[in-house]
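Here is how the chains run, residue by residue.
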Amino acid sequence: MMMKVHKVAGRRPYPPRVSAFTAVFWDELKQGRFKTTQCDCCGRQTFPPKVICPHCWSDKLSWVDLPLQGELYSWTRIHAAPTVFQPLAPYAVGIVELDKRLRLACPLIVPGGATVSIGNKIEMVVMEFEDGPLFAASVATAR
Amino acid sequence: MNRRVAIIGASALPVGKLQSARTDPIQVLEHELMVRIVRDAVSDAGIDKNDINSAVFTVPRPYTRQSYFHTFLTSHLRLRHTGVAMEVMGNGMTGALAFDQAANQILLGQADIALCLGINMESATPSYEHMMASMRSTGDVDFHTPGGFTPISWYAMDAMRYMHEFGATREQLASVAVKNRAHAALNPLAQYRKPLTLEEVVSQRPIVEPLGLYDVPPRGDGAACLVLASEDVAKTLGKPYTVLKGRGFFHEGVHQVDDVPGDMIAFGAAAAAAKAAYRASGITPSDVDFAEFYAPCTIVEILVSEAIGLVGKGQGARAAAEGRTRLGGDIPISTSGGLTSRGHPALVTSLYNLVEVVDQLHGRAGDRQVHDARLAVTTGELGNYNAAIVHVFEGIR
Chain A
162 MMMKVHKVAG
172 RRPYPPRVSA
182 FTAVFWDELK
192 QGRFKTTQCD
202 CCGRQTFPPK
212 VICPHCWSDK
222 LSWVDLPLQG
232 ELYSWTRIHA
242 APTVFQPLAP
252 YAVGIVELDK
262 RLRLACPLIV
272 PGGATVSIGN
282 KIEMVVMEFE
292 DGPLFAASVA
302 TAR
Chain B
112 MNRRVAIIGA
122 SALPVGKLQS
132 ARTDPIQVLE
142 HELMVRIVRD
152 AVSDAGIDKN
162 DINSAVFTVP
172 RPYTRQSYFH
182 TFLTSHLRLR
192 HTGVAMEVMG
202 NGMTGALAFD
212 QAANQILLGQ
222 ADIALCLGIN
232 MESATPSYEH
242 MMASMRSTGD
252 VDFHTPGGFT
262 PISWYAMDAM
272 RYMHEFGATR
282 EQLASVAVKN
292 RAHAALNPLA
302 QYRKPLTLEE
312 VVSQRPIVEP
322 LGLYDVPPRG
332 DGAACLVLAS
342 EDVAKTLGKP
352 YTVLKGRGFF
362 HEGVHQVDDV
372 PGDMIAFGAA
382 AAAAKAAYRA
392 SGITPSDVDF
402 AEFYAPCTIV
412 EILVSEAIGL
422 VGKGQGARAA
432 AEGRTRLGGD
442 IPISTSGGLT
452 SRGHPALVTS
462 LYNLVEVVDQ
472 LHGRAGDRQV
482 HDARLAVTTG
492 ELGNYNAAIV
502 HVFEGIR
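Quick mapping for you: the protein sequence lines, in order, are chains A and B. Quick note: the first sequence uses the working numbering, first residue 162, plus one each step. Quick note: the second sequence uses the working numbering, first residue 112, plus one each step.
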């Protein structure tokens, strides 16, 4: 399943470093696919992707698709931001739970004027900046 | 182990904005402040400087120009150490870990007397600039920091979740800040001492929603020194001392956010560390007379009070609002004024908490004295309480 793309003007305020290992994640994200590592031995997924399974320490891993749908577990809106994020402030970030089995933290994309609430349905999307992608959760708000 | 650790002396600078700006013609130098505090603490202990075997420092902020600060300071005091001289770094847990290391010096028999000390200077660096460094600790620097997380944004998400699960109100959270300010008004070491109203706390500008300016810690500088000794030494001094009864530590193997869904606001590491500390001390939470937490935000004090069993799960916000955690309540918390009002010179914050414990247990806390205080508990943490260290103390008078 392809992720929706949310275009953002400008460059990423604090771009991630990319390793030979994490290049898979960022390259796939650029193509609209949200991936992580799954352990071939114990079967568990982890996020962010990791070079050995944190649960059983196996290094036999496969890249798998993550679910894109989930729920908002918690969130905040940051008003006091570090220097490079000040042009974006205030901005929302949150913790989302995908398919009730994996939790991650990321920026939130909130439709204008909408109210954010814990339990809101979310969908993982690509934030496409001029210099590369980040991942975010788009909040579906009740009208 | 029969050997027990005692705190026999303490001194600290009033917390405040002490750091000079880079362009100020006259600069405030860290070692000039620190040496006086060491001398005062050793004088308070009533021991000879030549009997000090070890010194465990908290690491200074990167803004402190003097490098190898602990070695440099040792030269200013001609301290000759046979145990250890070292700096400890552990993010928010730095002060509590430095104390733990100094206590271990005594327990291992490598020292009969050890100093635990440090200075934290940062207030002249604007928070948005300071956060350029601190944001790098807020999870995975490549997967979380690019999203704009800040250290206290995690506590804000704790607050949102807590309000959602237990129906706690913004006013209940704010009552912690009001209570701590009332305590700080009685503490000469506190940074902010003018009483606050609930309305003032709730009406402040938001910092990380739902937390406003007075729900989060102010920026501040400070320096503190504690003198530790074996109980055998402490007994010879003929005055009150504080015994370390037990400690517990737990790191849950998580950094900020657990990808395995669980109860984020249970602060499981604090619960596990407290359980171990109570067991080692032979006490239960109901025996505790007062507590000093590493609680940077109002919500954190609430969640820790629940996690370590001082109040029931989901009851912390109500307990604070009802005055149960105030001086005179059934379990006073942050009698120093806490991080929100006593102040939060982060790397030495836990040393200030210990100074408060000593003042209370030695019966010299003045107008904020907890009546008949005998047993105290302190906490230190890092991340979103992903790791916690808990110490239990008893006053011997």
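It is worth saying that the hints were derived from the structure and are not from the lab. Among the hints, erroneous ones may be present.
Claimed, not checked - In silico DMTMM-like cross-links for lysine to aspartate or glutamate, where the CA-CA straight-line distance does not exceed 25 Å:
hint: 1; chain 1: A; residue 1: Lys261; chain 2: A; residue 2: Glu284
hint: 2; chain 1: A; residue 1: Lys261; chain 2: B; residue 2: Asp369
hint: 3; chain 1: A; residue 1: Lys282; chain 2: B; residue 2: Asp343
hint: 4; chain 1: B; residue 1: Lys346; chain 2: B; residue 2: Asp223
hint: 5; chain 1: A; residue 1: Lys165; chain 2: A; residue 2: Glu289
hint: 6; chain 1: A; residue 1: Lys211; chain 2: B; residue 2: Asp253
hint: 7; chain 1: A; residue 1: Lys211; chain 2: B; residue 2: Asp374
hint: 8; chain 1: A; residue 1: Lys282; chain 2: A; residue 2: Asp220
hint: 9; chain 1: A; residue 1: Lys196; chain 2: B; residue 2: Asp343
hint: 10; chain 1: A; residue 1: Lys191; chain 2: B; residue 2: Asp251
hint: 11; chain 1: B; residue 1: Lys160; chain 2: B; residue 2: Glu320
hint: 12; chain 1: A; residue 1: Lys165; chain 2: A; residue 2: Glu284
Cross-check of the supplied hints:
no.: 1; hint: A:Lys261 x A:Glu284; in the structure: holds (13 Å)
no.: 2; hint: A:Lys261 x B:Asp369; in the structure: holds (13 Å)
no.: 3; hint: A:Lys282 x B:Asp343; in the structure: violated (62 Å)
no.: 4; hint: B:Lys346 x B:Asp223; in the structure: holds (12 Å)
no.: 5; hint: A:Lys165 x A:Glu289; in the structure: holds (10 Å)
no.: 6; hint: A:Lys211 x B:Asp253; in the structure: holds (12 Å)
no.: 7; hint: A:Lys211 x B:Asp374; in the structure: holds (23 Å)
no.: 8; hint: A:Lys282 x A:Asp220; in the structure: violated (34 Å)
no.: 9; hint: A:Lys196 x B:Asp343; in the structure: violated (60 Å)
no.: 10; hint: A:Lys191 x B:Asp251; in the structure: holds (20 Å)
no.: 11; hint: B:Lys160 x B:Glu320; in the structure: violated (49 Å)
no.: 12; hint: A:Lys165 x A:Glu284; in the structure: holds (9 Å)
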